[in-house]
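Protein chains: 2
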Amino acid sequence: MEKATLLFAENGYETTTLRDVAKAVGVTRTALYHYVTSKEELLAMLVEQMSLNLAKALAELRAREDLTPEGKLRQLVDSLVRQRAESPHQFRVHDQTESALSEPLRTRHRQARRDVLAALSGVIEEGVARGEFKPLDPKVAAFSVLGMCNWVAWWYRPGADYDIDTVTRQISQSAIDMVIVADAPRTPADSARTALAVARSSLDALERLLPSEG
Amino acid sequence: MEKATLLFAENGYETTTLRDVAKAVGVTRTALYHYVTSKEELLAMLVEQMSLNLAKALAELRAREDLTPEGKLRQLVDSLVRQRAESPHQFRVHDQTESALSEPLRTRHRQARRDVLAALSGVIEEGVARGEFKPLDPKVAAFSVLGMCNWVAWWYRPGADYDIDTVTRQISQSAIDMVIVADAPRTPADSARTALAVARSSLDALERLLPSEG
Numbered sequence: 001m002e003k004a005t006l007l008f009a010e011n012g013y014e015t016t017t018l019r020d021v022a023k024a025v026g027v028t029r030t031a032l033y034h035y036v037t038s039k040e041e042l043l044a045m046l047v048e049q050m051s052l053n054l055a056k057a058l059a060e061l062r063a064r065e066d067l068t069p070e071g072k073l074r075q076l077v078d079s080l081v082r083q084r085a086e087s088p089h090q091f092r093v094h095d096q097t098e099s100a101l102s103e104p105l106r107t108r109h110r111q112a113r114r115d116v117l118a119a120l121s122g123v124i125e126e127g128v129a130r131g132e133f134k135p136l137d138p139k140v141a142a143f144s145v146l147g148m149c150n151w152v153a154w155w156y157r158p159g160a161d162y163d164i165d166t167v168t169r170q171i172s173q174s175a176i177d178m179v180i181v182a183d184a185p186r187t188p189a190d191s192a193r194t195a196l197a198v199a200r201s202s203l204d205a206l207e208r209l210l211p212s213e214g
Numbered sequence: 001m002e003k004a005t006l007l008f009a010e011n012g013y014e015t016t017t018l019r020d021v022a023k024a025v026g027v028t029r030t031a032l033y034h035y036v037t038s039k040e041e042l043l044a045m046l047v048e049q050m051s052l053n054l055a056k057a058l059a060e061l062r063a064r065e066d067l068t069p070e071g072k073l074r075q076l077v078d079s080l081v082r083q084r085a086e087s088p089h090q091f092r093v094h095d096q097t098e099s100a101l102s103e104p105l106r107t108r109h110r111q112a113r114r115d116v117l118a119a120l121s122g123v124i125e126e127g128v129a130r131g132e133f134k135p136l137d138p139k140v141a142a143f144s145v146l147g148m149c150n151w152v153a154w155w156y157r158p159g160a161d162y163d164i165d166t167v168t169r170q171i172s173q174s175a176i177d178m179v180i181v182a183d184a185p186r187t188p189a190d191s192a193r194t195a196l197a198v199a200r201s202s203l204d205a206l207e208r209l210l211p212s213e214g
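Going line by line, the protein sequences match chains A and Y. The first sequence begins at 1 in the numbering used here and counts up by one. The second sequence begins at 1 in the numbering used here and counts up by one.
These aren't lab readings, by the way, just hints derived from the structure by calculation. Careful: at least some of the hints might be erroneous.
As the list makes no split between identical chains, a pair holds if one copy fits it or if it spans any two.
Unchecked claim - Derived EDC-like pairs: lysine to aspartate or glutamate, alpha-carbon spacing no greater than 16 Å straight-line:
hint : residue 1 : residue 2
1    : Lys-134   : Asp-177
2    : Lys-134   : Glu-207
3    : Lys-139   : Asp-161
4    : Lys-134   : Glu-70
5    : Lys-139   : Asp-163
6    : Lys-139   : Asp-115
Note that the structure is a prediction, hence the values are computed from the model and not measured.
Chain A on its own, in the form it takes in the complex:
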């Protein structure tokens, strides 16, 4: 499956044949047919292995009652970054081959993507409601965190410049710094007041910076 992913990623799903996969693995096409009967089935197995399992794990993490929103966000980001770092080709192939998936897998794959987003934005919403996170738009914030994590599949290469633990720690912390209120916890009522105060003092600063008239 690793070889197939690599071939799909490098040469494109459309132009890759099962013969190419057999050759890369070092077996005959007949031997490969023993395990998978079509290229489509191989792709389906890859999707099953990655997207659906990850979505399930993140949804479970979101539902945990022993963690604060900050703790949940840290673990969600941790799982996402590690998954993208471990299977970069798989992730990018899915992005490029969604239209090649046939039903019902295509629908399930899309649902899995929505579940990942729902887990992230749900945790952010919870943090905002508790006054522990800034009053951000939860979905835009979730997409921002997601982009930061997903991008790992584009740039990180194992054994190159960085070890995965360092990368994961920095990205998790960055995600938290993006959303957290520095001196949390605050009551939700206080956040509107804070936003207003910050806006006002920014406008004051702006006024002072204007050239004086006349």
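Please arrange chain Y on chain A, whose structure you already have, making use of the hints.
Relative to chain A, chain Y alone:
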């Protein structure tokens, strides 16, 4: 070029022909040949238009002496997010078709990508050196910011749930919150722009906190 980008994105660069492009534009293939002689040339024009111009603009922004690292980061993120939001197909097509580019364009495209990364990590490095940004690894931080911006090409659709100004403000502020030391001294040079941006994003936050009317 928009039509070509859309076709490349939807059906894949390999399987799209100039005939398809002509049909989508509503002209004959002969008429299209008047402007471009091959599919490769069309792709080259797309790359030229997007990647190289953006890389140049960001490099210039990085070199400006009238802006603090915070001001530069805000404007870099602003440019990136707007570009990704305006040409999502273009961005994703480039990601998928780099191997289809022929030399010397392929080398130039890669260089442009490196230049974008260098502009971002250079600004972060400058902020760290001045003690205004947290002591992060500048490259990992740059990739994180880049992922956040690039991902806009995957999820943002004009005219849907969000307007681009709100999205851009939140993402710029998130990028800054990721890196900035809370009590950093600010130089007055670009703080008018900063004050305005902070005020606006505080007002956005305030709006979201209001109970919905009706």
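Here is what the structure says about each hint:
1. Lys-134 x Asp-177: both (10 Å within a copy, 11 Å between copies)
2. Lys-134 x Glu-207: Intra 25 Å, inter 13 Å, cutoff 16 Å: inter-copy only.
3. Lys-139 x Asp-161: between (32 Å within a copy, 10 Å between copies)
4. Lys-134 x Glu-70: within (12 Å within a copy, 19 Å between copies)
5. Lys-139 x Asp-163: between (30 Å within a copy, 13 Å between copies)
6. Lys-139 x Asp-115: Answer is within; shortest intra-copy Cα gap is 12 Å, inter-copy 30 Å.
Going down the numbered hints, you'll see the structure goes against none, and every one checks out.
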